[in-house]
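K.L.:
Below, each chain spelled out in residue letters.
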Amino acid sequence: MSIRLENVIFSYLEDTPLNQAALRNVSLEIEDGEFVGLIGPTGSGKSTLIQHFNGLLKPSSGKVFVDGVDLTLKDTQLRLIRQKVGMVFQYPEHQLFGETVLEDVGFGPRNSGLPDEDVVQRVREALAHVGLDYETLKDQSPFELSGGQKRRVAIAGVLAMRPSVLILDEPTAGLDPQGREEILAEIKQLHDEGGITVVLVTHSMEDVARLVDRLIVMEKGSIALDGTPVEVFAQVERLKEMGLGVPEITELMYELKSHGLDVNTNILTVEEAEEEIIRVMGWQE
Amino acid sequence: MRMFRSVTIGQHIPGDSVIHRLDPRTKILSAMFLIVLLFVVKGFVGYGLVALGLALVIRASRIPWKFVIRGLRPLMVILVLTLTLHLFMTEGRVIFQVWFLKVTWEGLIRGLMMGTRLVLLILGTSMLTLTTSPMQLTDGIETLLKPGKKIGIPAHELAMMMTIALRFIPTLLEETEKIMKAQMARGADFQSGGIMQRARSLIPLLVPLFVNAFRRADDLAIAMEARGYRGGEGRTKLKELKFQRLDAVALGLVITFSVLVGAFF
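Heads up: the sequence lines are chains X and A, in that order. Residues 23 to 307 (the working numbering) are what the first sequence spells out, left to right. Residues 943 to 1207 (the working numbering) are what the second sequence spells out, left to right.
One or more of the hints may lead you astray.
When the alpha-carbon atoms are kept at most 25 Å apart in a straight line, the in silico SDA-like pairs for lysine to any residue are as follows [as the list claims (entries may be wrong)]: (1) A:Lys1181 with A:Glu1119; (2) A:Lys1120 with A:Phe975; (3) X:Lys80 with A:Asp1160; (4) X:Lys106 with A:Val1019; (5) A:Lys1123 with X:Leu50; (6) X:Lys172 with A:Gly1013; (7) A:Lys1123 with X:His116; (8) X:Lys210 with X:Gln99; (9) A:Lys1123 with X:Gly170; (10) A:Lys1123 with X:Gly267; (11) X:Lys160 with A:Val1149; (12) X:Lys242 with A:Lys1181; (13) X:Lys96 with A:Glu1119; (14) A:Lys1123 with X:Gly196; (15) A:Lys1120 with X:Glu166; (16) X:Lys80 with A:Leu1114; (17) A:Lys1123 with X:Met264; (18) A:Lys1120 with X:Glu293.
Cβ pair distances, simulated, as ranges [to be verified]: (19) A:Arg1158 with X:Thr158: 29 to 35 Å; (20) A:Leu1162 with X:Glu166: 19 to 25 Å; (21) X:Ser244 with A:Ala1155: 33 to 39 Å; (22) A:Gly1090 with X:Glu166: 42 to 48 Å; (23) X:Glu293 with A:Ala1168: 42 to 48 Å; (24) X:Glu51 with A:Val1045: 58 to 64 Å.
I should point out that these hints are in silico values taken from the structure, not numbers from a laboratory. Since this is a predicted model, take the numbers as computed values, not measurements. Don't be surprised by glycine CBs; every beta carbon is placed ideally from N, CA and C.
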């Protein structure tokens, strides 16, 4: 399942005084099975960009292909595309509506016209993916759950469509550290074991550094940087200009280097940093 | 999915034109004169004059025509309905007849008059909201209603309710769009099917919308109290309204125009 954008331009409120270009000539290709991180300052066009991936927004000009199908054509069956490209919006718990968790999570599969047994099977499986138990939750109202559980139920609602691409817009915003860790681990597992292509929009440099294979940085509606986390985080100055940063541990390595310690600065995690410092200092474990 | 972007009522466009600088009370009173005038005027010459006057105001406000006209789009359904109803339902000289449906001269004239009236009404009132910030608007309404306090009109509370309502129209529309998108991403379909099916398909949209609106209302109430809001009693203003010479001239013009057009056309 690959996604390809060619020279996409998009503006909100076209021909009004409030016209603002949100995407200026974006071209990019996301390959099957990639885990892509998308970062950028607020208002850089991240959310606008991902809504092009399943045809919720259509470009003012340019082309969008999902699996070779052109989404900008009038007769494209967007419903089929949306089953394959699952999208989890910011604060997804704000769109819960079902009387029961079963009804809410089963909304997507029922819309694709699946029979009841299949819907139940999908719901069971989707809830398991986000670490929730079907039997205890299925008859509860989603509105009675805790914040973290609501978020998971909402994410399960998208997973129940069995998408081959999963797009998440800041899935951990407003959660406590443990909730963040768990949700990110579940997403990672979906990618590693389920073979799903994942696009993760986030503000956390630590998260992307740990998780993704490829990092795309947006600035003012264009792609500013695109590469592996190590490549992107090597551009410290550029990132700081944009109001972004690098993971704190990477920052630490740069500090050490500027104080005369000859360390490798291509470090993204605490574990890597530990090894590197031990190596440079010549300590034995 | 940009269906809601055409709503201009309640959307303020900042600017520095003569119209923008007028005291909100002047603009509110002028809008009221316009409304009364539109119901007094009986002929097309009068409507023509009102349209001309309105055109001058729009011009002076330096808000692009395209944007002002766009505000009429949501009105199209009502306009067409008004015109058709009048066209077929008025007794009079028959122009032509299809089966039992008669199209009459009187119907045509009345339909067109009603349509023009509605268009001018919306254009005039959206000029008020386009050039006046919600803050100014409430301030204006509040001061205008103050004399009514003696007979128990809660001027401040009404004004506050109006601002909050106006302020949240765009927010609610945005929210609607967001939820629609989220449900569409899960295969929801809001466009096809019969009337019952369409009504059912709105549940996934309306339930979250209401839940979020109540949550937001709660948050807002708490935020207001946290900043010491206790109603209008003894509340001072950062920017006092000032009625200037420009306002006197403008209001004088509007009144003279309304009386003349209302009396003769």
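K.L.:
It remains to establish, for every hint, whether it holds in the given structure.
P.N.:
Status of each hint after checking the structure:
Simply put, Lys1181 (chain A) and Glu1119 (chain A) have alpha-carbon atoms about 35 Å apart, too far for the 25 Å limit, and the pair is violated. Taking the CA atoms of Lys1120 (chain A) and Phe975 (chain A), the gap is near 39 Å; set against the 25 Å cutoff, the hint is violated. With a C-alpha separation of about 36 Å, the suggested pairing of Lys80 (chain X) with Asp1160 (chain A) is violated against the 25 Å cut-off. With a C-alpha separation of about 37 Å, the suggested pairing of Lys106 (chain X) with Val1019 (chain A) is violated against the 25 Å cut-off.
Taking the CA atoms of Lys1123 (chain A) and Leu50 (chain X), the gap is near 23 Å; set against the 25 Å cutoff, the hint holds. Restraint check for Lys172 (chain X) and Gly1013 (chain A): the C-alpha separation of about 38 Å exceeds 25 Å, so the hint is violated. Distance check on the hinted pair: Lys1123 (chain A) and His116 (chain X) sit about 12 Å apart at the alpha-carbon level, within 25 Å; holds. Distance restraint check for Lys210 (chain X) and Gln99 (chain X): the Cα-Cα separation of roughly 30 Å exceeds the 25 Å cut-off, and the hinted pair is therefore not satisfied.
The suggested pairing of Lys1123 (chain A) with Gly170 (chain X) holds, with an alpha-carbon distance near 22 Å, which does not exceed 25 Å. This hinted pair does not check out: Lys1123 (chain A) and Gly267 (chain X) have alpha carbons roughly 31 Å apart, beyond 25 Å. Between the alpha carbons of Lys160 (chain X) and Val1149 (chain A) the distance comes to roughly 19 Å, so the proposed pair stays at or under 25 Å and holds. A distance of roughly 36 Å separates the Cα atoms of Lys242 (chain X) and Lys1181 (chain A); the hinted pair therefore is violated under the 25 Å criterion.
Taken as a hint, the Lys96 (chain X) and Glu1119 (chain A) pair is honoured in the structure, with Cα atoms around 21 Å apart against an allowance of 25 Å. Between Lys1123 (chain A) and Gly196 (chain X) the alpha-carbon distance is near 21 Å, which keeps this suggested pair within the 25 Å criterion. Proposed proximity of Lys1120 (chain A) and Glu166 (chain X) is supported: the alpha carbons are some 23 Å apart, at most 25 Å. Between Lys80 (chain X) and Leu1114 (chain A) the CA atoms are separated by roughly 23 Å; this keeps the pair inside 25 Å, and the hint holds.
A C-alpha spacing of about 30 Å is found between Lys1123 (chain A) and Met264 (chain X), which places the hinted pair above 25 Å, so the restraint is violated. Between the alpha carbons of Lys1120 (chain A) and Glu293 (chain X) the distance comes to roughly 40 Å, so the proposed pair goes past 25 Å and is violated. The supplied range of 29 to 35 Å is met by Arg1158 (chain A) and Thr158 (chain X), whose beta-carbon atoms lie about 31 Å from each other. Remark: the range hint 19 to 25 Å for Leu1162 (chain A) to Glu166 (chain X) is upheld by a beta-carbon distance near 24 Å.
Between Ser244 (chain X) and Ala1155 (chain A) the Cβ separation comes to about 36 Å, which falls inside the hinted range of 33 to 39 Å. Between Gly1090 (chain A) and Glu166 (chain X) the Cβ separation comes to about 45 Å, which falls inside the hinted range of 42 to 48 Å. Between Glu293 (chain X) and Ala1168 (chain A) the beta carbon distance is about 44 Å. The supplied range of 42 to 48 Å therefore holds. Between Glu51 (chain X) and Val1045 (chain A) the CB atoms are about 60 Å apart, so this pair conforms to the stated range of 58 to 64 Å.
Checked against the numbered hints above, the structure breaks hints 1, 2, 3, 4, 6, 8, 10, 12, 17 and 18 and satisfies the rest.
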